[in-house]
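Each chain, letter by letter, is given below.
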Amino acid sequence: MIEYKNVTKTYGANIGLEDVSVRIDKGEFVFLVGPSGAGKSTFIKLMLKEIKPDSGSIHFDSLDITKMSNRGVPKLRRSIGIVFQDFRLLPKKTVYENVAFAMEIIHMGPRVIRRQVPQALSLVGISSKASEYPDELSAGEQQRVAIARAIVNNPSVLIADEPTGNLDPETAWEIMRLLEQINLRGTTVVMVTHAKDIVNKMNRRVISIRNGRITRDEKKGGYGADDEEIGGAGLLLQGRLSGL
Amino acid sequence: MSYAIKQAFKQFFRNGAMSAASLFSISAILLILGFFFLLAVNVSNLAESVKKDFDTIQLHLLDSAEYARSESMMKKLKLMPEVSEVRYLTKDQAMEDFKKLFGDKAYLLEMRQENPLPNSIIVKVRRIEDVDAVVARAKSFDGIEVIKYYKEAVNRLIRFTRFIQAGAMALILFLVVISIVVVSNTIKLTVVARDREIAIMKYVGATNWFIRGPFLVEGILMGVISAAISAGIVALVYARVIDLFGTDLAVMLSTSFVPLDFMIGNLAVIFAALGAGIGACGSIISMRRFLDT
Numbered sequence: 027m028i029e030y031k032n033v034t035k036t037y038g039a040n041i042g043l044e045d046v047s048v049r050i051d052k053g054e055f056v057f058l059v060g061p062s063g064a065g066k067s068t069f070i071k072l073m074l075k076e077i078k079p080d081s082g083s084i085h086f087d088s089l090d091i092t093k094m095s096n097r098g099v100p101k102l103r104r105s106i107g108i109v110f111q112d113f114r115l116l117p118k119k120t121v122y123e124n125v126a127f128a129m130e131i132i133h134m135g136p137r138v139i140r141r142q143v144p145q146a147l148s149l150v151g152i153s154s155k156a157s158e159y160p161d162e163l164s165a166g167e168q169q170r171v172a173i174a175r176a177i178v179n180n181p182s183v184l185i186a187d188e189p190t191g192n193l194d195p196e197t198a199w200e201i202m203r204l205l206e207q208i209n210l211r212g213t214t215v216v217m218v219t220h221a222k223d224i225v226n227k228m229n230r231r232v233i234s235i236r237n238g239r240i241t242r243d244e245k246k247g248g249y250g251a252d253d254e255e256i257g258g259a260g261l262l263l264q265g266r267l268s269g270l
Numbered sequence: 058m059s060y061a062i063k064q065a066f067k068q069f070f071r072n073g074a075m076s077a078a079s080l081f082s083i084s085a086i087l088l089i090l091g092f093f094f095l096l097a098v099n100v101s102n103l104a105e106s107v108k109k110d111f112d113t114i115q116l117h118l119l120d121s122a123e124y125a126r127s128e129s130m131m132k133k134l135k136l137m138p139e140v141s142e143v144r145y146l147t148k149d150q151a152m153e154d155f156k157k158l159f160g161d162k163a164y165l166l167e168m169r170q171e172n173p174l175p176n177s178i179i180v181k182v183r184r185i186e187d188v189d190a191v192v193a194r195a196k197s198f199d200g201i202e203v204i205k206y207y208k209e210a211v212n213r214l215i216r217f218t219r220f221i222q223a224g225a226m227a228l229i230l231f232l233v234v235i236s237i238v239v240v241s242n243t244i245k246l247t248v249v250a251r252d253r254e255i256a257i258m259k260y261v262g263a264t265n266w267f268i269r270g271p272f273l274v275e276g277i278l279m280g281v282i283s284a285a286i287s288a289g290i291v292a293l294v295y296a297r298v299i300d301l302f303g304t305d306l307a308v309m310l311s312t313s314f315v316p317l318d319f320m321i322g323n324l325a326v327i328f329a330a331l332g333a334g335i336g337a338c339g340s341i342i343s344m345r346r347f348l349d350t
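From first to last, the protein sequence lines are chains A and B.
Per my numbering, the very first residue in the first sequence carries number 27; after that it's consecutive.
Per my numbering, the very first residue in the second sequence carries number 58; after that it's consecutive.
Each hint should be verified, as a subset may be incorrect.
[Said to hold, decoys possible] Derived lysine-lysine pairs resembling DSBU-like cross-links, with alpha carbons at most 30 Å apart:
no. : chain 1 : residue 1 : chain 2 : residue 2
1   : B       : K67       : A       : K155
2   : A       : K78       : A       : K52
3   : A       : K119      : B       : K63
4   : A       : K155      : B       : K63
5   : B       : K135      : A       : K101
6   : A       : K118      : B       : K63
7   : A       : K118      : B       : K67
8   : A       : K118      : B       : K245
9   : B       : K245      : A       : K75
10  : A       : K101      : B       : K67
11  : A       : K101      : B       : K63
12  : A       : K119      : B       : K135
13  : A       : K245      : A       : K78
14  : A       : K93       : A       : K118
15  : B       : K148      : B       : K135
16  : B       : K208      : B       : K245
[Claimed, not checked] On the chain A side, residues computed to face chain B include the following (Cβ under 8 Å):
no. : residue
17  : I108
18  : A128
19  : E130
20  : M134
[As the list claims (entries may be wrong)] Pairwise CB distance ranges (calculated):
no. : chain 1 : residue 1 : chain 2 : residue 2 : range
21  : B       : D318      : A       : K118      : 42 to 50 Å
22  : A       : P136      : B       : N102      : 50 to 58 Å
23  : B       : M75       : A       : Q207      : 43 to 51 Å
24  : B       : N242      : A       : T34       : 33 to 41 Å
The hints are simulated quantities; they were obtained by calculation from the structure and are not laboratory data.
Glycine included, every Cβ here is placed at the ideal spot set by N, Cα and C.
Based on the sequences and whatever the hints tell you, model everything.
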């Protein structure tokens with residue numbers, strides 16, 4: 027499904043990823059963990075072809091996206107849904123419009139949009155708020171809308187970049203159950219996270235990145251000690267995360 | 058497509074003040090451009106009509122030359138593809154023409170006993186540039202006293218029109234570049250205001266052209282509106298100028314302004330194309346940084 031082969035990416039003197047090889051199969055649920063700056067973002071950006079590797083290849087399905095031209099990027103991204111820590115909803119659009127927007131911009135017809143948007147909204151359990159605006163919703167509800175937007179075009183992969191980072195523990199678990207449910211429908215889920223508690227309880231595959239290298243890859247793993255944040259900011263973050 | 062147009066109008070009106078500023082500057086630039094265009098066209102027109110008077114070469118014949126010889130010269134000249142007309146002018150006929158020029162003072166010429174004017178061959182060339190070739194040919198003939206033609210005057214005229222045309226062209230190019238910068242800055246404001254939306258669009262898999270669409274339409278919209286405004290103003294001013302100076306020009310230079318109804322159609326098309334082009338370029342430039350993947 028997704029395969030990195032000897033991928034290296036540097037930013038000047040800084041290492042993003044170094045000689046990373048990994049394979050993620052269809053339908054997997056994968057946690058990507060590691061300290062800040064370890065290379066998690068680089069890993070995700072490479073998959074989206076936001077950046078290009080210095081060497082190595084990345085295959086998405088049977089397609090080598092490192093060899094693909096930039097014109098192929100939109101098509102690649104249509105098969106990947108993305109959820110961010112800060113939701114990134116458009117404030118001037120209603121919940122319904124935010125989700126419909128994702129379909130409009132890839133030229134879906136109004137009839138398909140009218141059929142699929144309500145389905146996505148009901149799947150994430152936010153149908154009753156369809157006509158409200160993002161700032162009228164709670165953080166958890168906003169993240170549900172973001173997830174609805176990410177899956178409305180039926181992507182084969184859902185990338186969640188710290189989706190629970192801005193949520194209280196209870197809401198975070200609701201979002202996790204939702205992601206699990208989406209995963210059960212056959213969507214591959216790759217989740218970047220610092221939430222130790224969640225990683226440990228979910229008992230799923232864990233890929234740990236540190237200094238640009240994969241240091242651990244376990245089928246049913248937990249959050250390791252060396253995945254913790256280092257330094258002051260890290261400690262602060264840990265304090266918040268340990269509440270999860 | 059309908060999405061792009063809807064968005065473009067929204068953006069255009071949401072940034073009312075900046076849009077107005079852009080309209081203003083593009084219109085001003087197109088106005089200047091329009092006047093230079095009119096100037097260039099009229100100078101060319103004037104030059105063309107003046108050139109017509111300079112396409113003549115006079116071969117003054119020696120008095121000793123017999124008519125038979127001049128006939129053979131005329132035959133040879135007629136064979137040249139550059140030549141459109143060859144005609145013989147006797148010295149008597151030349152005198153008659155000369156007298157006409159003097160009008161009621163013609164009696165002054167009567168005082169001379171002998172006609173000092175030569176017999177001559179009048180050659181007309183098809184294109185003013187061919188004068189040299191014909192003159193060179195004529196020089197090889199015997200029996201010619203002098204060849205009269207207006208080479209210097211013509212060259213100067215050609216140089217002058219080329220200078221005006223090149224100058225107008227350079228100025229127009231310069232102004233076009235400036236207006237592209239103005240438009241791209243205005244549109245950049247909308248782009249920045251919508252950068253969140255653009256980022257999301259990119260993540261969801263919108264093509265670059267889809268993202269550009271609304272901004273492209275916005276730019277073209279600005280260009281076309283400005284074109285309409287400035288074409289209108291140019292037409293009004295030009296009509297007034299023709300009204301005021303048209304007859305003077307006709308008297309002084311025996312040529313007239315290129316008529317308005319002929320010009321305005323061309324001008325409108327040129328303005329619309331330029332305006333739309335300026336708008337489109339401006340918007341594409343303003344988006345470049347945001348669409349780099």
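Margin query: Flag every earlier hint the structure violates by its number, smallest first.
Written below: Violated: hints 5, 12, 14, 16 and 20.
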